[in-house]
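Protein chains: 2
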Amino acid sequence: MFETAELGHKIARDEYEREEPKFREELLRAQYALKESAERAVVVVVSGMDGAGRGETVNMLNAWMDPRLIQTHGFGEPSDEEAERPPLYRYWKALPPKGKIGVMFGGWYLDAFENRVSGATKNAAFERQLERIVRLEQMLVSEGVLVLKFWLHLSKEKQKKLFQALEKDPSTRWRVTTENWKRFDEYDRRRLMAEQMLRYTSIAEAPWSLIEGDDARYRNLTVATVLLRELRKHLGEKGPSLRKTEAPPLAPPIDGLKVLDGLDLSKKLCKEEYEEELEKWQGRLNLAMRKSHFKRRNAVVVVFEGNDAAGKGGSIRRVTAALDARQFAIVPVAAPSEEERAQPYLWRFFRCLPRRGQMTIFDRSWYGRVLVERVEGLCPEDAWMRAYNEINDFEEQLVEARVVVVKLWLAISQEEQLARFNDREHVDFKRFKIGEEDYRNRAKWQSYAEAVNDMVERTSTDICPWTLVEANDKHFARIKVLRTIVEAIENRA
Amino acid sequence: MFETAELGHKIARDEYEREEPKFREELLRAQYALKESAERAVVVVVSGMDGAGRGETVNMLNAWMDPRLIQTHGFGEPSDEEAERPPLYRYWKALPPKGKIGVMFGGWYLDAFENRVSGATKNAAFERQLERIVRLEQMLVSEGVLVLKFWLHLSKEKQKKLFQALEKDPSTRWRVTTENWKRFDEYDRRRLMAEQMLRYTSIAEAPWSLIEGDDARYRNLTVATVLLRELRKHLGEKGPSLRKTEAPPLAPPIDGLKVLDGLDLSKKLCKEEYEEELEKWQGRLNLAMRKSHFKRRNAVVVVFEGNDAAGKGGSIRRVTAALDARQFAIVPVAAPSEEERAQPYLWRFFRCLPRRGQMTIFDRSWYGRVLVERVEGLCPEDAWMRAYNEINDFEEQLVEARVVVVKLWLAISQEEQLARFNDREHVDFKRFKIGEEDYRNRAKWQSYAEAVNDMVERTSTDICPWTLVEANDKHFARIKVLRTIVEAIENRA
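Listed in order, the protein sequences are those of chains C and H. Residue numbers for the first sequence follow the working numbering, so the first one is 1 and each next one is one higher. Residue numbers for the second sequence follow the working numbering, so the first one is 1 and each next one is one higher.
No lab work stands behind these hints: they were computed from the structure. Quick caveat: nothing in here was measured; it's all calculated off a predicted structure. Among the clues, some could well be false.
One copy or two, either will do: identical chains are not told apart, so a pair holds if it fits within one copy or between any two.
Claimed, not checked - When the alpha-carbon atoms are kept at most 30 Å apart in a straight line, the in silico DSBU-like pairs for lysine-lysine are as follows:
hint : residue 1 : residue 2
1    : 233       : 93
2    : 182       : 10
3    : 444       : 474
4    : 156       : 267
5    : 10        : 168
6    : 268       : 444
7    : 168       : 93
8    : 295       : 93
9    : 10        : 444
10   : 93        : 35
11   : 93        : 22
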């Protein structure tokens with residue numbers, strides 16, 4: 001694979017000097033067009049061998065283009081806040097908004113590659129991580145992000161010569177460290193692992209560009225050529241239409257029976273039972289969240305979804321009443337903000353993941369995409385179709401990062417909902433909670449029921465199952481909510 | 001001072017049970033009205049003695065109101081990312097947006113108080129920190145934030161009895177730690193320091209409420225009473241008009257001579273000199289930023305302001321060309337985003353302060369408030385008037401956190417500006433950079449000159465001076481920019 005990048009490519013100085021200003025002007029022009037349309041973000045991953053000019057390439061991109069529209073990120077050791085989240089969290093944080101170019105030194109390949117080279121991960125885990133990266137990139141591309149990946153290569157012989165030359169000159173000696181020589185000793189292993197990685201992750205949506213790094217002029221012009229070509233190809237295209245996902249068709253239940261139909265909504269608890277149970281489960285929740293070995297290693301995410309007026313708010317208050325206010329955060333999910341709209345849709349959820357010992361309660365969640373956005377036609381079909389897999393991926397990452405994930409659907413009947421709406425109209429301080437929209441949504445009861453059915457079918461996984469909560473009786477619902485959360489935490493502990 | 005909070009206040013159970021539901025309903029109502037108007041944020045600081053019910057109060061607020069509209073923050077040790085910024089950085093990060101209530105456990109008093117009690121800071125430093133807190137709170141109030149501060153008190157005797165009672169019962173024994181007893185031993189000192197702190201920071205805009213913490217019913221109802229009264233008083237009021245600052249009138253220079261008039265805009269460098277100097281200063285900049293003892297302890301902030309078309313972008317590129325792309329970030333400052341508009345105006349700058357070893361370049365900056373916002377009438381006069389002091393405070397905090405702050409004003413003449421605008425019209429890829437607005441701004445040349453004059457007069461401080469850059473000649477300007485930055489860094493190193 002690397003043979004083509006060991007041929008000794010070179011560009012003559014006079015040719016370079018002729019070409020460079022043209023590229024600079026064209027790249028600037030493309031960059032401003034990118035900014036103007038604000039339809040796409042661009043991620044440039046710069047990776048490769050030591051001495052192959054990775055740093056120089058990043059600097060070149062900043063020098064040739066308008067650096068105000070470029071965000072550059074290097075990744076050292078994760079900070080303590082980052083280390084407590086899933087490994088991809090810090091790369092999500094670094095994603096550029098629409099209209100900008102994000103240049104990532106090493107990018108999300110960094111950890112996977114270095115851990116494999118050092119032997120910290122075996123091949124199976126390595127492939128799993130690469131698979132996850134592939135899915136991340138496919139998701140980004142689907143969301144209209146242009147993903148460009150450059151691998152700068154240098155042959156073993158040339159690397160050795162370079163290090164020796166640098167060491168000879170007192171003014172450049174500092175640039176060669178013992179780390180560099182250590183990595184030189186590992187050269188063959190690195191080359192092998194890199195080949196595997198590049199092959200595995202050179203997907204149609206985001207192929208690697210393999211570039212010989214020895215000659216700076218050749219390297220610069222090649223990077224500029226690829227970047228300019230890809231920018232031009234995609235400029236003006238509407239972001240999310242780049243990649244049409246062939247979503248597997250959903251098989252509607254032909255007998256019309258949906259998962260919610262199986263619920264016995266008449267389940268009830270009387271006041272006395274409720275108060276006794278409430279005390280008991282709140283106590284157990286408090287205890288479970290305070291256990292020091294749980295707190296040190298785990299976090300909790302609770303997702304509340306359900307029909308309008310199903311009692312999400314009241315249930316959430318029964319949960320938080322059992323907790324110390326410093327232990328939890330509630331994220332009410334409404335329409336995304338301007339900054340959030342400039343990012344892939346999962347970005348806003350990544351940014352509020354809990355640290356260890358914390359519980360984040362999502363009052364509505366990332367499932368909005370396959371519920372309200374699907375039913376109301378707020379996003380194209382292929383976008384919500386692929387969301388099922390993206391969500392499963394996302395939750396898998398949470399579970400691997402030792403987050404307990406609890407997903408609750410609070411279900412009420414149409415009659416009960418109407419009764420509650422009427423009640424809200426007549427209680428003064430509840431009137432805030434009811435609007436025309438709520439009545440409009442009722443008209444789509446069947447569509448929502450189908451969406452819920454598909455959601456449960458596709459995202460109720462072994463590691464992150466849905467719990468359907470019969471919520472016509474508020475007492476019963478609140479206790480079931482509490483019990484589900486407590487048992488999930490206790491099972492982990 | 002604490003005598004009134006040692007009287008043994010009590011509320012009978014039946015009275016409490018009668019009052020509680022009323023308060024809950026009224027607080028909810030006020031909370032929704034707060035959300036609806038989205039004019040104000042509310043900060044509630046809960047502080048006080050051990051065992052006086054601080055945690056319980058925070059939990060009560062979350063239980064009585066809608067916790068989805070409350071953000072609760074406890075503050076432990078700063079994370080490594082926080083420790084590299086000014087001490088108030090993490091409190092800024094925790095500010096609630098308009099429409100929400102932020103409950104802060106200890107809040108910004110935490111560090112100042114604990115350091116004083118432990119003796120880590122002497123009295124002079126303590127008073128300085130309190131002074132800074134006062135200015136922060138005044139600024140918040142001016143920006144329409146409602147700041148409520150509760151000090152929950154417990155007499156020494158009652159604290160002792162409480163700890164002993166808790167220790168006796170096996171089920172509550174875990175709640176009393178050796179830390180608690182240590183703080184009990186320091187009780188008298190803590191009381192003294194707290195008295196000084198409360199006296200010093202009980203300002204008219206944000207007074208402390210001193211509440212006896214022994215009786216939970218009394219405590220809850222008192223906190224609720226104060227909170228409800230203040231919410232009601234300020235609901236519906238437009239945020240920023242709360243506090244009228246009496247800004248000291250500016251004394252316009254009666255001879256009409258302004259600071260920019262003193263500049264010799266004919267200063268020039270020929271191409272050869274320029275290229276030689278460019279090489280020299282870029283080399284020195286690179287070296288200065290790489291020095292390891294500088295990198296470990298310091299960061300750099302560079303502010304670029306100047307007339308339109310004064311060459312900010314070109315100058316910035318000459319600076320960044322000398323740096324490794326991982327060392328700097330450029331923050332182009334345009335109109336604030338939605339999330340930024342929901343916060344005090346300095347918030348957006350706090351969030352992009354550099355970590356150690358990093359340089360953040362602001363392409364326009366917080367000075368927008370006293371330049372474009374003043375001249376275009378985008379904010380009321382008292383807001384930009386008080387901004388001078390707020391900015392000086394902000395920069396002082398940066399300098400204390402070992403940030404090198406360089407502020408550059410690039411000045412060109414009216415004739416030169418017109419020539420550059422015409423040039424931009426005629427070069428294809430520069431056309432992005434010129435719009436009607438640019439011509440409109442020209443009409444206000446005199447107003448801008450006055451604003452710049454006042455800005456320099458009021459914010460060119462000893463620790464953060466302005467450098468005026470004669471920029472009719474781009475060569476001269478770029479070298480002066482580089483030299484100014486390099487010398488500032490070298491002086492620190």
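message: For residue 10 and residue 444, with the copy left unspecified, which applies at a CA distance of at most 30 Å: within, between, both, or neither?
response: neither (64 Å within a copy, 54 Å between copies)
task: Classify it for me, residue 93 with residue 35: is the Cα-Cα distance of at most 30 Å met within a copy, between copies, both or neither?
output: both (20 Å within a copy, 28 Å between copies)
- request: Could you place residue 233 and residue 93 in one of the four classes (within, between, both, neither) given a Cα distance threshold of 30 Å?
  value: Close inside one copy (27 Å), not across copies (40 Å); limit 30 Å.
message: As a check of your reading, is residue 444 near residue 474 (CA-CA no more than 30 Å) within one copy, between copies, both or neither?
response: within (24 Å within a copy, 64 Å between copies)
query: Given a CA cutoff of 30 Å, do residue 295 and residue 93 count as a within-copy pair, a between-copy pair, both, or neither?
result: both (24 Å within a copy, 24 Å between copies)
query: With identical chains treated as interchangeable, where does the CA-CA distance between residue 10 and residue 168 reach 30 Å or less: within a copy, between copies, both, or neither?
result: within (24 Å within a copy, 82 Å between copies)
message: Within, between, both or neither: how does the pair residue 156, residue 267 come out at a Cα-Cα threshold of 30 Å?
response: neither (71 Å within a copy, 52 Å between copies)
message: Within, between, both or neither: how does the pair residue 182, residue 10 come out at a Cα-Cα threshold of 30 Å?
response: within (28 Å within a copy, 72 Å between copies)
- prompt: Is it within, between, both or neither when you check residue 268 against residue 444 at 30 Å Cα-Cα?
  reply: Classified as within; 27 Å inside a copy, 72 Å across copies.
query: For residue 93 vs residue 22, is the C-alpha pair at or below 30 Å within one copy, between two copies, both, or neither?
result: neither (34 Å within a copy, 44 Å between copies)
message: Treating 30 Å as the Cα threshold, decide for residue 168 and residue 93: within, between, both or neither.
response: neither (41 Å within a copy, 49 Å between copies)
Of the hints listed earlier, those the structure fails to meet are numbers 4, 7, 9, 11, in rising order.
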